[in-house]
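Chains as they are written, first to last, in full-length UniProt numbering: chain A, 1 to 344; chain B, 1 to 344; chain C, 1 to 344; chain D, 1 to 344.
These are computed hints drawn from the structure, not numbers from a lab. Any given hint could be a false lead.
Derived pair list, reagent style DMTMM-like, types lysine to aspartate or glutamate, alpha-carbon separation capped at 20 Å [said to hold, decoys possible]:
1. Lys203(B) / Asp61(C)
2. Lys203(A) / Glu37(B)
3. Lys188(D) / Glu37(A)
4. Lys188(A) / Asp167(D)
5. Lys247(B) / Asp167(A)
6. Lys113(B) / Asp167(A)
7. Lys247(D) / Asp167(C)
8. Lys203(D) / Glu43(A)
9. Lys188(A) / Glu255(B)
10. Lys247(C) / Asp167(D)
11. Lys247(D) / Glu43(C)
12. Lys81(A) / Glu52(A)
13. Lys188(C) / Glu255(B)
14. Lys247(B) / Glu37(A)
Calculated from the model, a selection of chain A residues having no Cβ within reach of chain B, i.e. all distances over 10 Å [stated by the list, open to error]:
15. Gln54
16. Phe60
17. Arg303
Backbone N, C-alpha and C fix where the C-beta goes; we use that ideal spot for every residue, glycine too.
Protein chains: 4
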Amino acid sequence: MKVSVIGTTGYGGVELLRILHRHPVFNIHSIHSTKEEVPIWNEYPHLYNILENQIEKINFDRISTDSDVVFLATPSGVSSKLVDEFSNKDIKVIDLSGDLRLKKPGEYERWYKKESANSQLIEEAVYGLSEWNREQIKRSKLIANPGCYATSALMGLAPVTKARLIDTESIIIDGKSGTSGAGKALSKGSLFAEVNENFKIYKVNEHQHTPEIEQQLLTWHEGIRPITFSTHLLPMTRGIMTTIYVKLRGQYSTEQILYLYNESYQNASFVRVRPEGNYPSVKEVAGSNYCDIGLHVDERTGRLTIVSVIDNLMKGAAGQAVQNANIMFGFEETLGLEMMPLYP
Amino acid sequence: MKVSVIGTTGYGGVELLRILHRHPVFNIHSIHSTKEEVPIWNEYPHLYNILENQIEKINFDRISTDSDVVFLATPSGVSSKLVDEFSNKDIKVIDLSGDLRLKKPGEYERWYKKESANSQLIEEAVYGLSEWNREQIKRSKLIANPGCYATSALMGLAPVTKARLIDTESIIIDGKSGTSGAGKALSKGSLFAEVNENFKIYKVNEHQHTPEIEQQLLTWHEGIRPITFSTHLLPMTRGIMTTIYVKLRGQYSTEQILYLYNESYQNASFVRVRPEGNYPSVKEVAGSNYCDIGLHVDERTGRLTIVSVIDNLMKGAAGQAVQNANIMFGFEETLGLEMMPLYP
Amino acid sequence: MKVSVIGTTGYGGVELLRILHRHPVFNIHSIHSTKEEVPIWNEYPHLYNILENQIEKINFDRISTDSDVVFLATPSGVSSKLVDEFSNKDIKVIDLSGDLRLKKPGEYERWYKKESANSQLIEEAVYGLSEWNREQIKRSKLIANPGCYATSALMGLAPVTKARLIDTESIIIDGKSGTSGAGKALSKGSLFAEVNENFKIYKVNEHQHTPEIEQQLLTWHEGIRPITFSTHLLPMTRGIMTTIYVKLRGQYSTEQILYLYNESYQNASFVRVRPEGNYPSVKEVAGSNYCDIGLHVDERTGRLTIVSVIDNLMKGAAGQAVQNANIMFGFEETLGLEMMPLYP
Amino acid sequence: MKVSVIGTTGYGGVELLRILHRHPVFNIHSIHSTKEEVPIWNEYPHLYNILENQIEKINFDRISTDSDVVFLATPSGVSSKLVDEFSNKDIKVIDLSGDLRLKKPGEYERWYKKESANSQLIEEAVYGLSEWNREQIKRSKLIANPGCYATSALMGLAPVTKARLIDTESIIIDGKSGTSGAGKALSKGSLFAEVNENFKIYKVNEHQHTPEIEQQLLTWHEGIRPITFSTHLLPMTRGIMTTIYVKLRGQYSTEQILYLYNESYQNASFVRVRPEGNYPSVKEVAGSNYCDIGLHVDERTGRLTIVSVIDNLMKGAAGQAVQNANIMFGFEETLGLEMMPLYP
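Next up, chain A with everything else stripped away, as it sits in the complex:
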């Protein structure tokens, strides 16, 4: 089955290549970018002698004729235009950007400060949170792949939100991410000397994943109120942790909440709910598609602390995208994604 990938400046694109190159069914048919046409290894020397492909200009007709699915690893604002071009063609599209995620008119413009995609595409797009939207994904030909922070937070919040155990006004998500999410775009804030031995908060109360998280939470519990969501930059490359705080409605033990989580994720191969007293660290999922969750109820405060970790380039981007492609084509969800975390 043939696959095209558009966008290689961000690290999501090259992570797709890592997965797809070893995928038993999908084959990398073509790689595209708006950049100059050079062998992919010029841009990524680690691919020398592994991938022979040239980076090609984007040709919508050729791509949709030749390939069965196209992954858009392009920035917000760019993806919407590409999706438009593919919209009347016979090809499945998985968009890793934020362009098709927000259903409510005006939300995209407000949080992304850019022009929205056309509303029909937005309506058509299925939000690809694999474990929770499997049935819709299966029937879709256009996927809005979730954001990295959003994936981590939603996987952590889903069971307790759906079970309506939480005070709907109490959700606080403290997110921390490695720098690879920012891709190779040149900015002072991404320089090694600025990030190393440093830790910063950014986009305080302004992160564009805020409405994405709220929108999905509302599908699980219509009473959810605006959340507080903070994002911080870790001096490391890969991985996201969200530490989530919610007030419980009623008295529950850690054991009871863990039971709920284990039930909720019993069919989710990529979700590992840790036993009581054990919490995942970010490196424990590095390079893999796992989302690991630990949690604890504090009897002093009645608050539940949830820790959710993912590799932002895998479950937070390319990994979940391939997971969604597997679902769309009716393959085993884990196909080509069974790689173990790289430790240490």
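Take the given structure of chain A and dock chains B, C and D to it, following the hints.
Only chains B, C and D this time, still in chain A's reference frame:
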């Protein structure tokens, strides 16, 4: 003025030496440890040709005869015994451990899982949060120097707590620290290969600075309820950030809250309240005694987000200890502590 | 085909598990250690829900009855004793330690400061530098798997040494390694706060891989004189670079030397000789079994600079061990080792 | 005494501010850049509330009227033009770039690939290797401040070169540097995700400090032949180590060579020659103006290995620049530079 330092295994001790070596009034008279008697540069080669001192065995009589003040950079459980020995001697004592901080009987045992110091010492000890307890510190001869996380959190919470602007049940502190706080004690969790390119949560709802923070908050506002406090290990050496979330009682703008903070800290040379839209990063205080604070009110949620950063070895330990010594002896608070952050 | 792994304290052992778990022919039958019997995920939480194995006590009879090959990922001084126990049993043994590498009597004692393995085992053991000793490896049942630095240096030096193009007195190898080679043994020098934002030289002119490199070089060119070999600790986890300097006998261009290297490694799937002007960085082989080589002749000095990089846990340890196992059993050399570098 | 600093994009400029702000004699009178006129803390938030200066446009007349000395922390190619403007004015100039270092016509163009400064300026400029050119520096009004790698290498090579103990064809310098040397210029290679957990060689046999090192070595020993010099990028911010290999002419013990080094540097406050068996690591000089040296003679090969470490922004740039300013004005060489290394 002569100074003794006990404890050099943790990095707090060696940071004291860095400050004191250049302090215009205090002179390092002796350095002590329970370890073997070797030149200090054997333990810390960066001191070669700078500090000629031997590490000496602890001799309480000699120390209190020769020195005017002794800093205990010793672990919890050890400090309490040393303080006891110095208690009837004519020497000022500044204890960097947690042994004398908790006033309420039983709290120390509960959170530290160790035997408490004798209650008279605890009563006598003044909590050395310099900016807020100056008058008591001035009159004291025994200081319980605050914990690193506690300092960061309390400096961030003080103005808004004292002004009673917050919902007393709503305090959530999400702390992140570099590894230097753990000192040179050997444990798997402190190994480079385990910490690097990793990020972990630890002591979930169990960190021993929890009661310390609550105790001080209660002196400012007797209605404060138990807090939620989480601690995470950053893949970096120096620095702490606490991201603090509180619910405001009533509608306030970011500008109004910033006004309050600027007022509160107008005489605090080491506190830098950042202008609206600007948030401190950890590296921006590295190697200095500053505590930098940024904040933002989210109108969507009515919550205030406070960001407070310190160098855990400076304002979070040795720096504040010297600041307290300055206050105790009636010197300018900033004496010997004016070093600029080391950037990058 | 059943496999046993002994030793999980070092990271080489757990890297073996990562490879073997996905290997199409070898299956992890049992994991052994001298430690307590616990599930492997207790020691390595990233294996939670992936590997269900218990760490078991070592039972030589059971292992050799049940398994076809055993990997010893045990420290020097320990391996020799284990090999002894397996020596009269029907099982292939691959030893990742240095215990069986040095053929010349007295060398092991001199460089390792430990008692040597019994001389018959040493004689029997084949040095597992896969690309250069394939035929012997194929016929062997006992492999002395090469050291990480040694692998990097020898792969870089082989073609030009065998072709006798170098001044035999001129070899200087400047090695730099990530910390994972040191494993999880607790020592001050492996603490994060000591390694991070630091770079140190160690074992100056005393590294135990020196005689191993010389011994192999001498099999290629009997005139080779003692080498200069330095080792440095990088503030990173995975990867080794050796920068190698040799004086050329006669005038050669970079192009000519590259031609020689490309010829030499034309059948070596894991060796990537970079084109002129291109040099590999360590991250470009991370997580993979590649050895990447770049080189340049300086006409000003007549010296050749060779840059050779590997992942110390893969081609420098577990990867090459499995490569050797593949060769021993007559499988395709690359079986189960085709993973792409993890970038970034 | 008034000081102006031009150039704040590189980290050398801001390191000058750190030193000068606390210097007992020099005062920062003005800060200049070609950038927009903003408060310096806009560019460097860690200076908030510490330095109130605006970054000003460059006004040669005003600067030379108001200030006693100007530091040019500007890039190569820019400095030469600025020096030209100051050349007939009454102000001492210290240029941190490479523009005035190379005396031999054609060398600058060859290695820097830029147009050379005018030859009279080059002739006039004194190479500011403080410990070795004190007398000339004292009499000069124009200093070419040495390069960071060059400083480290030359300090390591000086005694043994001057004493003519080495084979003049045998010098190999393997340099490793943190990323701060590259400053804040935006390039893919300086991004955190590219540098972190990575190690690369660059400018193989092409680094522009090569002729600078050779030129100075030739002043010490006219027989020195072209050197081999390699540079590598460390995944850390501050610090340089050069590992230097030379062949000794005759048999000397480590002890004998150490004696020579101790003699040579007995009046050099910033040089710390380590005792036998002890080697400096980069962190042991971080934030300080020290150059630490360790060495070892290998009897097997007759080669001497020299390890020389500096903080590239201090002794490798701003620190040495201020040291030179101290010398030029007849102050104690160490004035304002006594800061201890920041450890850890």
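- [ ] Could you work out which earlier hints the structure fails to respect and list their numbers in ascending sequence?
- [x] 1, 2, 4, 6, 9, 11, 12, 13, 14 and 17
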